[in-house]
Amino acid sequence: MLKWFKKLHRHFISSKLKQKLEHKTSEKTPNPLSSNLQENLTKIKEVFSNASDIVFRQFEIGSHTRIKAFIVYVDGLVNEEFVQMNLMKSLMIDMHISEVDDELNQKNTLNIIHQRILTLTEVSEVNDFQEVVEHVLSGDTALFLEGFATALIVNLRGWETRNVTPPDTEVVVRGPREGFTETLRTSTSLLRRKIKNPNLKFEKMKIGKQTQTDVVIAYIKGIADEKIVEEVKRRLSKIDADAILESGYIEQYIEDSPLSFLPTVGNSEKPDIVAAKMLEGRVAILTDGTPFVLTVPYLFIEAFQTSEDYYSRPFYASIVRLLRFTAYFVSVFAPALYVALTTYHQEMLPPTMLISIAAAREGTPFPAFVEAMVMGIIYEILKEAGIRLPRPVGQAVSIVGALVIGESAVSAGLIGAPMVIVVSLTAISSYVVASISDTVSIMRLTYVLLAAFLGLFGIMIGAAFFLTHMVSLRSFGVPYLAPIAPIVSEDLKDVFLRPHLWKMHKRPKLFTQNDLVRQEPDLMPNPMKNNTNNK
Amino acid sequence: MLEKGKISNNQFILIFVISRLMLTMAYLPYVNAPPWNQDLWISAILAFPIHILLVLPVYFLTNRFPGQSLIQSVETILGSWGKIIGALYVWFFLHRTAVILRELGEFLKAIPYPETPIIVFITATALFAAYSIYKGLETICRVAEIVAPLVLASVFLVFIMIAKDVDIYALTPVLEDGIIPVIYGGFVIAARSTLSLFLWMLKPFINEPEKIRTTVVLISLILTLHLTPTSITTIGVFGLEQAKILNFPFFHLVRMINIGSFLERIDALFIGFWVLGMCIDIAIHNYLAVLSAAQLLKLKDYRPIVVAMGTVIVSLSILQAESVVELNEFLSYKVLTWYNLFFTFALPLLLLIVAVIGKKRIDYK
Numbered sequence: 016m017l018k019w020f021k022k023l024h025r026h027f028i029s030s031k032l033k034q035k036l037e038h039k040t041s042e043k044t045p046n047p048l049s050s051n052l053q054e055n056l057t058k059i060k061e062v063f064s065n066a067s068d069i070v071f072r073q074f075e076i077g078s079h080t081r082i083k084a085f086i087v088y089v090d091g092l093v094n095e096e097f098v099q100m101n102l103m104k105s106l107m108i109d110m111h112i113s114e115v116d117d118e119l120n121q122k123n124t125l126n127i128i129h130q131r132i133l134t135l136t137e138v139s140e141v142n143d144f145q146e147v148v149e150h151v152l153s154g155d156t157a158l159f160l161e162g163f164a165t166a167l168i169v170n171l172r173g174w175e176t177r178n179v180t181p182p183d184t185e186v187v188v189r190g191p192r193e194g195f196t197e198t199l200r201t202s203t204s205l206l207r208r209k210i211k212n213p214n215l216k217f218e219k220m221k222i223g224k225q226t227q228t229d230v231v232i233a234y235i236k237g238i239a240d241e242k243i244v245e246e247v248k249r250r251l252s253k254i255d256a257d258a259i260l261e262s263g264y265i266e267q268y269i270e271d272s273p274l275s276f277l278p279t280v281g282n283s284e285k286p287d288i289v290a291a292k293m294l295e296g297r298v299a300i301l302t303d304g305t306p307f308v309l310t311v312p313y314l315f316i317e318a319f320q321t322s323e324d325y326y327s328r329p330f331y332a333s334i335v336r337l338l339r340f341t342a343y344f345v346s347v348f349a350p351a352l353y354v355a356l357t358t359y360h361q362e363m364l365p366p367t368m369l370i371s372i373a374a375a376r377e378g379t380p381f382p383a384f385v386e387a388m389v390m391g392i393i394y395e396i397l398k399e400a401g402i403r404l405p406r407p408v409g410q411a412v413s414i415v416g417a418l419v420i421g422e423s424a425v426s427a428g429l430i431g432a433p434m435v436i437v438v439s440l441t442a443i444s445s446y447v448v449a450s451i452s453d454t455v456s457i458m459r460l461t462y463v464l465l466a467a468f469l470g471l472f473g474i475m476i477g478a479a480f481f482l483t484h485m486v487s488l489r490s491f492g493v494p495y496l497a498p499i500a501p502i503v504s505e506d507l508k509d510v511f512l513r514p515h516l517w518k519m520h521k522r523p524k525l526f527t528q529n530d531l532v533r534q535e536p537d538l539m540p541n542p543m544k545n546n547t548n549n550k
Numbered sequence: 028m029l030e031k032g033k034i035s036n037n038q039f040i041l042i043f044v045i046s047r048l049m050l051t052m053a054y055l056p057y058v059n060a061p062p063w064n065q066d067l068w069i070s071a072i073l074a075f076p077i078h079i080l081l082v083l084p085v086y087f088l089t090n091r092f093p094g095q096s097l098i099q100s101v102e103t104i105l106g107s108w109g110k111i112i113g114a115l116y117v118w119f120f121l122h123r124t125a126v127i128l129r130e131l132g133e134f135l136k137a138i139p140y141p142e143t144p145i146i147v148f149i150t151a152t153a154l155f156a157a158y159s160i161y162k163g164l165e166t167i168c169r170v171a172e173i174v175a176p177l178v179l180a181s182v183f184l185v186f187i188m189i190a191k192d193v194d195i196y197a198l199t200p201v202l203e204d205g206i207i208p209v210i211y212g213g214f215v216i217a218a219r220s221t222l223s224l225f226l227w228m229l230k231p232f233i234n235e236p237e238k239i240r241t242t243v244v245l246i247s248l249i250l251t252l253h254l255t256p257t258s259i260t261t262i263g264v265f266g267l268e269q270a271k272i273l274n275f276p277f278f279h280l281v282r283m284i285n286i287g288s289f290l291e292r293i294d295a296l297f298i299g300f301w302v303l304g305m306c307i308d309i310a311i312h313n314y315l316a317v318l319s320a321a322q323l324l325k326l327k328d329y330r331p332i333v334v335a336m337g338t339v340i341v342s343l344s345i346l347q348a349e350s351v352v353e354l355n356e357f358l359s360y361k362v363l364t365w366y367n368l369f370f371t372f373a374l375p376l377l378l379l380i381v382a383v384i385g386k387k388r389i390d391y392k
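Line by line, the protein sequences give chains A and B. So the first sequence is numbered by the working numbering: it starts at 16 and just counts up by one. So the second sequence is numbered by the working numbering: it starts at 28 and just counts up by one.
Watch out, some of these pointers could steer you wrong.
Stated by the list, open to error - Partial list, computed: chain B residues near chain A (C-beta under 7 angstroms):
#1 Phe155
#2 Ser159
#3 Thr166
#4 Arg169
#5 Val170
#6 Ala295
#7 Ile298
#8 Gly299
#9 Val302
#10 Leu324
#11 Pro331
Because the hints were derived from the structure by calculation, they are not lab data. Idealized CB from N, CA, C, for every residue including glycine.
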């Protein structure tokens, strides 16, 4: 019976696969352009029927031999001034007064226009109808000529874009302010300006059946591991989604463990951060239409390393990094520990502390667990409201949040004051490690639940479950908790502390085995030795 | 291959050290064993060479049958009769897991949770063990890699913080009853270790098996470096007679810590780490039970029997003893030493002899 089911299942799957393959091949059947201009025009008008933003312009080229032609472009995606000045003017006016006008005949028009007339840099010849449509939709201008089954694709793109501005999510005190923009080209140019190296590769792909979104895989050849690059390409090419509207869509289709609540794909809005990650051997995925660039492999400790750690001097940077780890543990465990200690293990608190907590909780109607859950959920609501609310209402929410829920709840005797302290401490701490603050919320509420049921033992069992889950994750083949577990002793120096830059003369071993040496091992600045004048 | 993961030698060290350390941190059964006096710390040092000696038969066996685990090499030596010996070892791991689970439950019931039924702790921890077995050996060892340094560091800190309360004269007179009980004590300490069985089961998965000698010596060294200060501080703070009465000497030691009357009552932290460590201890023992059973039954995958074994272990840990007193009876040096020694030393030695003779006979043919 079971075997029969298996057979049936296999049969079903294989027939489906076959269908899929047939579907794909039918899509790719060539659809060549006609050499008849009118035929091309009706065909393309038919494709773009009821699309009011498509512009067709018919005209003639040459004075002796008149050749009919037309251009197609999408209004709003091209720079109209350039179309007029550089394309139409060249073809309709400059051509008449130049000497090529005499040479013009039915056979060589395309060649002459391509080689001698158009002063534009990005011009290509396309024979396939489907390809022309794709180009036009991406913002290119297509030029059709009478008698040629080939269209000239001219890049005159220009649309409304956002300027390069400091991103709101990753604010720095020291370091470059610029952030990626929604335009793919601008984003790649920002990266290219950081790494002026021919080995920086941008491989382009189109993903999304409806949206046809441009996606660029960026990596440094010779540093990035070829296996990881291949894996990224493989996973991206497997995406058969309808639409890619943000890099988050891609992230959810390529991540290693979609059932885990922890992210295994990183993202950043800042070119310097992405460049630094690529220089360590990671691969970046840039998506058109969003400033958020994905980086893989993504490790847990990356949430604790900020770009400023490396831009400022190492001593305070190390202290700050330790503080970040402390804040992370506070934000995850503080409410749960409070619940466990006040409910189960009162004897473990120092007597004076126990007395003041007991005095503060005197007369409050709810057990600590209910307080913690209610306050935790209210905090999440306030956070969500704070993000969504229109700016003028902001003050009202902060007043209501701070006064009514904090101050008044305590003075009315509904919530104990220590709980408010714990929740606010937690809230502040969770933003020290902002990039994983959403997973912190999930963990915090889970631990509070466990603490309410089983006290300290519950928290620790939860921690054991959570640790096991974490160490079992992988991001593109790299263990998620590396280099802590498994221990990679060479990479461990940049985890809890931030060593001097001249101490980190090798790249992390985790991502790549190629070109591990960054610089000479001993580059410690020593002015007395280097400055010969002092001798 | 049942287990595809590989573990490093360091991970092996940490996983074994943590599995030995946890019980010592709570129960410290050695104060009620030979030499019955303040010379326990000398026994702890003497346990170091004895510990290595007890591993030797298994060491030679694993060299004779490289790439084969306990169950597999027993079957190679004895043929189908090896199944019986294999089943004995599966029982040993199963029973040991149940014992450790019960010890965890008894400690939690005795100190922080006097009113919670013991089955709650046992079931929760067994669930965790099952989960981590599903994730595989590599995962268990990686968790050990995070937890073991924390535990070792906290134990080391305890030694430093309690140092001012240690009365060093409680350790005199040295060698009051002569050297023989002290050596016997060292033997008892070493015999409680199951290093040889860990080695036998896990050596096929260790990525540098040629360095295993260093690994074994390091493990013995770490255990000695832990037990010696533990016995010195425990006897130095409580005195021998009170240490014998206390159920959980080391835990009470942690409770005694008071530095400048602000660094006190860190036993909550201690319980936290202890539970984490015990979780790993139980997970690895449970894993060995599951793996050995799967190898014995020649399964392709051990996952289907994880839950079944977990259920057996939970029931066994409840049913094996009426109370903590009964449990301690089994765990006392009079029973456990010889029980352990049979599995970790005597049986492997016999098998080694059979293997050597058997090989000769095959050579003569």
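May I ask which of the numbered hints given earlier this structure violates, with the numbers listed in increasing order? 10 and 11
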